[in-house]
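Peer 1: These protein sequence lines map, in sequence, to chains F and X. First residue of the first sequence? That's 185 in my numbering, and the numbers climb one at a time after it. First residue of the second sequence? That's 26 in my numbering, and the numbers climb one at a time after it.
Because the hints were derived from the structure by calculation, they are not lab data. From the three backbone atoms N, C-alpha and C, an ideal C-beta is built for every residue, glycine too. Some clues are possibly wrong.
[Unchecked claim] Some chain F residues judged to face chain X by a derived CB distance under 7 Å, without partners named: (1) E401; (2) T437; (3) Q478.
[What the hints assert, rightly or not] Over 12 Å on every C-beta distance to chain F, these chain X residues come out as not near it, computed from the model: (4) D41; (5) Q66; (6) E99.
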Amino acid sequence: MASYDLIVLGAGIVGAACAERAVREGLRVAVVEPGPVGGGATAAAMGHLVAMDDDPAELALSRLSLQLWERFADLPLAEFSRCGTLWIAREPRELDGVAAKVARLAEAGVMAQRIDAAELYELEPHLTPGLCGGMRVPQEAVVYPPRVAQYLLQQARELRAHCYLGRRAVALNARGARLDDGSDLVGPVLVATGCALPELLPQLPMRSRKGHLVITERYPERIRHQLLELGYADSAHGDADSSVAFNVQPRPTGQILIGSSREFGQDDAAVSAPMLRRMLERAFAFVPMLRDLQALRVWTGFRPCTPDGRPYIGALESRPHTWVAAGHEGLGVTTALGTAQLLIEQLLGRTPAIDPAPYAPSRALR
Amino acid sequence: MNAPRIRIAVDGCEVDVPAGASVAAGVALAAPHFRRSRSGQPRAPLCGMGVCFECRVRIDGVEHQRSCLVPAREGMQVVCDD
Chain F
185 MASYDLIVLG AGIVGAACAE RAVREGLRVA VVEPGPVGGG ATAAAMGHLV AMDDDPAELA
245 LSRLSLQLWE RFADLPLAEF SRCGTLWIAR EPRELDGVAA KVARLAEAGV MAQRIDAAEL
305 YELEPHLTPG LCGGMRVPQE AVVYPPRVAQ YLLQQARELR AHCYLGRRAV ALNARGARLD
365 DGSDLVGPVL VATGCALPEL LPQLPMRSRK GHLVITERYP ERIRHQLLEL GYADSAHGDA
425 DSSVAFNVQP RPTGQILIGS SREFGQDDAA VSAPMLRRML ERAFAFVPML RDLQALRVWT
485 GFRPCTPDGR PYIGALESRP HTWVAAGHEG LGVTTALGTA QLLIEQLLGR TPAIDPAPYA
545 PSRALR
Chain X
26 MNAPRIRIAV DGCEVDVPAG ASVAAGVALA APHFRRSRSG QPRAPLCGMG VCFECRVRID
86 GVEHQRSCLV PAREGMQVVC DD
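Construct the entire structure; sequences and hints are all you get.
Peer 2: So, in structure tokens, the structure goes:
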């Protein structure tokens, strides 16, 4: 019977990051992934590495992770592109809030600056006239998430992690996990299965939030920064059944990635034409020239959402030797590396770099 | 009897093609390649029926036109390697 120091279930970017971190600490690690590596929420993500400042806990975790992401800045396959983030204000009221955001980010060590309308149009000439300005976060970047997940897993394998690819964990038991071929793996288990978390841990609430993305042909230099509306967080954190927000990203290839939509209660992965139209109209309202570009492909994905919007990271106290790293919603790529550090530090009994309490899974047990 | 011919410009060079020919036919006569891949490889039509996307050029200012699907029209301005 195979025995490990940690059995990681799920090889999305969070699971792969945790596995990589664990083997670097000298642990004997197994990874179980039934589908493609990085093929779930990871593959549907835009790959924006962004500090979100609305929740102090979220900011602490993003900040920790952004520092760790610097390790990938020169790795070609990560497609790391330091385009910076531009948050856009449509109304003076939105611009009024920028000073406080800049201060919150500065306190966390993230450099940001308020920009007026003239600076905004200098940075992004294709924005629609009449915008008020916004906030620029120059050091933020984008990556290509599924490739990073594959790289992290490959690194873990080279350091002797044992991969059970094409295998699914069907049950947790007192000694470890049982796979779909009837075999048992023995050791502490880390459940990092995102939206599939309730299959193994139904006591932890998790909902899926569907999103659409569009990728265009290559139009280099049209868009230079990752662009978001300052109202984005209202959409991202709101409870509305469906919402859209302006979010456009320049890919290093010259392609333009257009988001974003959010829908609860949608299990069907099919592209919804009305939702797609709503999302694109939102994007066209900010960047009218997008209307004239050719889209190559549209796809959907599902974000794993906890009730309070924070991921579950830590031990599940009600089950011995069961750990969780799941529920990162739209911030899993940014926070994967910080999640791995936070989790493995706890697993090894060390004092974590940031306070783990806000992420403790026990807060949500039902 | 000779078929009527029309004249298009490919990267600024004028080229005559038979009426009814595709833009791709004109590009093939005038240019060393149609486009370049992201890694810099020169590319040219593979399928000739709009599936492979390897013949994309700019036509009258509109990017990413599949030249194999677009009939040549008198005076068209075609830009390769865009």
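Peer 1: Work down the list of hints and note, for each, if the structure agrees.
Peer 2: Checked hints:
no.	hint	in the structure
1	E401	holds (4 Å)
2	T437	holds (5 Å)
3	Q478	holds (5 Å)
4	D41	holds (29 Å)
5	Q66	holds (14 Å)
6	E99	holds (25 Å)
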